[in-house]
Structures are given as structure tokens and as C-alpha cells.
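Participant: Same order as they appear, the protein sequences are chains A and B. Under our numbering, the first residue of the first sequence is numbered 1, with each subsequent residue one higher. Under our numbering, the first residue of the second sequence is numbered 1, with each subsequent residue one higher.
In short, the hints are calculated from the structure, not lab data. The beta-carbon is built from N, C-alpha and C at its ideal position, and this holds for glycine as well. Take the hints with a grain of salt, since some may be wrong.
As the list claims (entries may be wrong) - FRET-style restraints, in silico, Cβ to Cβ:
#	chain 1	residue 1	chain 2	residue 2	range
1	A	Gln-199	B	Ile-94	31 to 37 Å
2	A	Gln-199	B	Pro-29	34 to 40 Å
3	A	Ala-175	B	Asp-88	23 to 29 Å
4	B	Ser-78	A	Ala-25	56 to 62 Å
5	A	Gln-199	B	Thr-141	27 to 33 Å
6	B	Cys-127	A	Gly-191	22 to 28 Å
7	A	Gly-191	B	Ser-78	40 to 46 Å
8	B	Glu-43	A	Pro-198	53 to 59 Å
9	A	Gly-141	B	Lys-61	17 to 23 Å
10	A	Pro-198	B	Ser-44	21 to 27 Å
11	A	Asp-143	B	Glu-46	16 to 22 Å
12	A	Asp-144	B	Glu-43	46 to 52 Å
Said to hold, decoys possible - Below, simulated DMTMM-like cross-link-like pairs (lysine to aspartate or glutamate); rule was C-alpha separation at most 25 Å, straight line:
#	chain 1	residue 1	chain 2	residue 2
13	B	Lys-114	A	Asp-202
14	B	Lys-152	A	Asp-202
15	B	Lys-57	A	Asp-19
16	B	Lys-57	A	Asp-183
17	B	Lys-105	A	Glu-39
18	B	Lys-140	B	Glu-83
19	B	Lys-129	A	Asp-178
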Amino acid sequence: MTPGDRLEPWQLLVLAYVDGELDPASVLDVEAWIDARPEVAELFRELSETSRENKTFRAGVDFPTSGPVDLGRSSEMILARLRPAMARRKLAWLRPAILSGVAASMAGMLFLACPNDRLCENAVQSTPSKPVLFPDDPLAGFDDLPIADSSEARVSAVRGDISPLFVSCDDLLPAVLDLATVDEMQIARQGRNAFSVPQPGDAPMIYQTRAAK
Amino acid sequence: MARFSLGMIPLMVCLAAAPHSRGEPKDAPLPVRVTLVVIKASESDETTNPKLATLAKEVRKRNDEFVGFKIVNTLDKSIPLGEQHSFDLPEKQIATVTIRQGMDKAGRIELIVKLPGLDDVTYNCVCDKFFPIVTHYKLKTGETILVAILAKPCTGK
Chain A
1 MTPGDRLEPW QLLVLAYVDG ELDPASVLDV EAWIDARPEV AELFRELSET
51 SRENKTFRAG VDFPTSGPVD LGRSSEMILA RLRPAMARRK LAWLRPAILS
101 GVAASMAGML FLACPNDRLC ENAVQSTPSK PVLFPDDPLA GFDDLPIADS
151 SEARVSAVRG DISPLFVSCD DLLPAVLDLA TVDEMQIARQ GRNAFSVPQP
201 GDAPMIYQTR AAK
Chain B
1 MARFSLGMIP LMVCLAAAPH SRGEPKDAPL PVRVTLVVIK ASESDETTNP
51 KLATLAKEVR KRNDEFVGFK IVNTLDKSIP LGEQHSFDLP EKQIATVTIR
101 QGMDKAGRIE LIVKLPGLDD VTYNCVCDKF FPIVTHYKLK TGETILVAIL
151 AKPCTGK
């Protein structure tokens, strides 16, 4: 890693760990990643060697070596714990780091708890720079969901009278349904159905309110 | 000159064959976009969708006991010439629409429509105008089902 490299969020979190900026609960999270993922452990070693502030961090600490990482700590809880430090040091990168860290925790849990599971295989194959929360996540490729405009989408069905509330695409229907006149249509075959034109000028229609006889 | 003419023959053959090698001919008939509006007419609920004002007025000329008209569904489907499509109606009923003839010189499209409880209806109609069909099928809630059908050539818009 060189100074010019752009750090991934999870790497920033490990860096924060090395710098002693995490609270005890977050420390445990990161330490669990270090034990579960060789890539994280390697980064930790690399950062430790270059940091003068972490000499006593792991001294005397009995890191967990097995068992699932506790995912009950949500990212918001971690952020809440770290909010004072964030305000003090303007660690704007910490939120994505925490989110990525949770993802790494889940990957670590999968690795430790169910090595034979298919999900585990996917998680193990993933690189730490792109933690896999859900291997088949259809939204994985989107930073921001692209929304189709009215020229790119067409409604094929609209439910009932809620259509006036349907604002995403053009309404299928005109303001008023314009009916064909007698001059504008012609019945070729009507079977036993009743073709109805009460008076000249009225709109023609099939009007069969009883079973055809 | 002779060499030029002989050399041009393969090119001319290719150019002549090109339009036929693109699959459908240039003047292939467009599919027809059918819009089928499923409507329920009530004899007790006086609520009428404003879009159905004209239709409601015409139906009441036949039966003034219908006091309210609501849109149940608006279905839209592009159907190739000669093919049919089944539209889902309430209570698992089906409306089948077949495109019998594309738009003719008079600007009309001919359809065959099959609705629950009715015989097949074959009719042609101008584009952008709805043709209503009142069935005698009543929903479990008591309303009568009718449909308004519009057909027009698909323009891709």
C-alpha cells in the first residue's frame, strides 16, 4: 500500500483501529475480522508496522479465534457510539467504513460459521475490498438507482380508479373515453349478441345484459 | 469497359439481395396495440370515473338503472396481425382479442372479441375510438362488467 492508494472503507476502519479511534465494541468487531480474514490481518500487520501509535493495542488481548461475528451491532449503533469522535475529527469517511465493516463482519461470520454452505463459498471467494452482503444482490452494481422517465417506460396495466395517482408514466387513457360513432365502425359478425343503437347519433355498442338466446 | 461491367455484377447482385436478407419486408404490417378498459357498472354506487362520462351517458340510454361506473383495470397489449391475446378480467374471467385485419384504407382495424357469456363479436373500428361491449356477467359484488376496446397501430410511441 502506498500513500497514494485510495483506501477502501473497510481499510479505513482497520486504520482507525490501529490509530486507536474505535470504541471497545468496534474494536472487537475489527479484531474478529482480523482473525477471520487473512487480508484484513495482513493489512493490520502492515499498518501496525508503520504506525507508532499502536504499540500496545493488541498486547495482552486474547482475540477470539472462532465463532461467528456478532452482527447485532448495526452500523447505526456503531455510528452513534463514534459520533463524538466523528465530530471532533471530521471523519466523514467513517459511515461508509462502518457499513463496509458490517459487510466484512457478515463475510467473516459466513466464513466461520458455515464453511460448507454455498453462501460461504461465495463469501470466501470475494475480495475484502468488495465485501459480499448478499452474493446475488441485484442492486450490487448500482450506487444510485437509475429511474426511467416517461419516454423509457410504458405501463401495460393500471389498476382501476387509482390511475389518477399513477404519476410515474403517462396515463394509458385519455381524459374521457371517446366512443366510436356509427359511421366510424361496422359490425361484421355479432352472433346472438345484441347490437344496440337506440337512436341515430347514439354511440353503438354491444349491449347484452342477458344470456344470448 | 467490359472489365468494369463484369466487376460490378457481384456488387449489383449483393445490392439487389440486400433488402430481402433483412428478415421482414419493409412494409410488414405493424402489430396492433389494443387497450382494453375493464369497467364495472353499479346499480347502487353512484360514483363515476370522469373518464367514463361519455360511456356512462350512452349506457344509461339503454339502462338507466346503472348509476355508477368505475374502471376496474386498464390493459394494454401489442398484438401481431392474425394473433390473439387473452386479457384477464375479474373473477378469473377472460377476454380474448384477435387482430383479424390491420388498418385498412379507411383507417379501421378489424378485431374479433370474445367475452364471457357472449358470442364472438367481429367488428372494425377507427383508431383512437373506443367500442363498448356490455356483458351480462355480474361480479359477486353485484356490478355488471363491461369493456371498452381501442385498437390502433403500434408506432413505438
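Participant: Take the hints in turn and mark each one as holding or not.
Facilitator: Hints and how they fare:
1. A/Gln-199 to B/Ile-94: 31 to 37 Å: 33 Å, holds
2. A/Gln-199 to B/Pro-29: 34 to 40 Å: 37 Å, holds
3. A/Ala-175 to B/Asp-88: 23 to 29 Å: 26 Å, holds
4. B/Ser-78 to A/Ala-25: 56 to 62 Å: 58 Å, holds
5. A/Gln-199 to B/Thr-141: 27 to 33 Å: The hint (27 to 33 Å, Cβ to Cβ) holds, given that A/Gln-199 and B/Thr-141 are roughly 32 Å apart.
6. B/Cys-127 to A/Gly-191: 22 to 28 Å: 25 Å, holds
7. A/Gly-191 to B/Ser-78: 40 to 46 Å: 27 Å, violated
8. B/Glu-43 to A/Pro-198: 53 to 59 Å: 19 Å, violated
9. A/Gly-141 to B/Lys-61: 17 to 23 Å: Violated: the Cβ-Cβ distance is about 57 Å, outside 17 to 23 Å.
10. A/Pro-198 to B/Ser-44: 21 to 27 Å: Distance hint for A/Pro-198, B/Ser-44 holds at roughly 24 Å.
11. A/Asp-143 to B/Glu-46: 16 to 22 Å: 51 Å, violated
12. A/Asp-144 to B/Glu-43: 46 to 52 Å: 51 Å, holds
13. B/Lys-114 to A/Asp-202: Answer holds: B/Lys-114 to A/Asp-202 is near 24 Å, not above 25 Å.
14. B/Lys-152 to A/Asp-202: Satisfied, since the Cα-Cα distance of roughly 23 Å is no more than 25 Å.
15. B/Lys-57 to A/Asp-19: Not satisfied, since the Cα-Cα distance of roughly 78 Å exceeds 25 Å.
16. B/Lys-57 to A/Asp-183: 19 Å, holds
17. B/Lys-105 to A/Glu-39: 73 Å, violated
18. B/Lys-140 to B/Glu-83: Judged against 25 Å, a Cα distance of about 32 Å means the pair is violated.
19. B/Lys-129 to A/Asp-178: 5 Å, holds
Hint violations for this structure: numbers 7, 8, 9, 11, 15, 17 and 18, all remaining hints satisfied.
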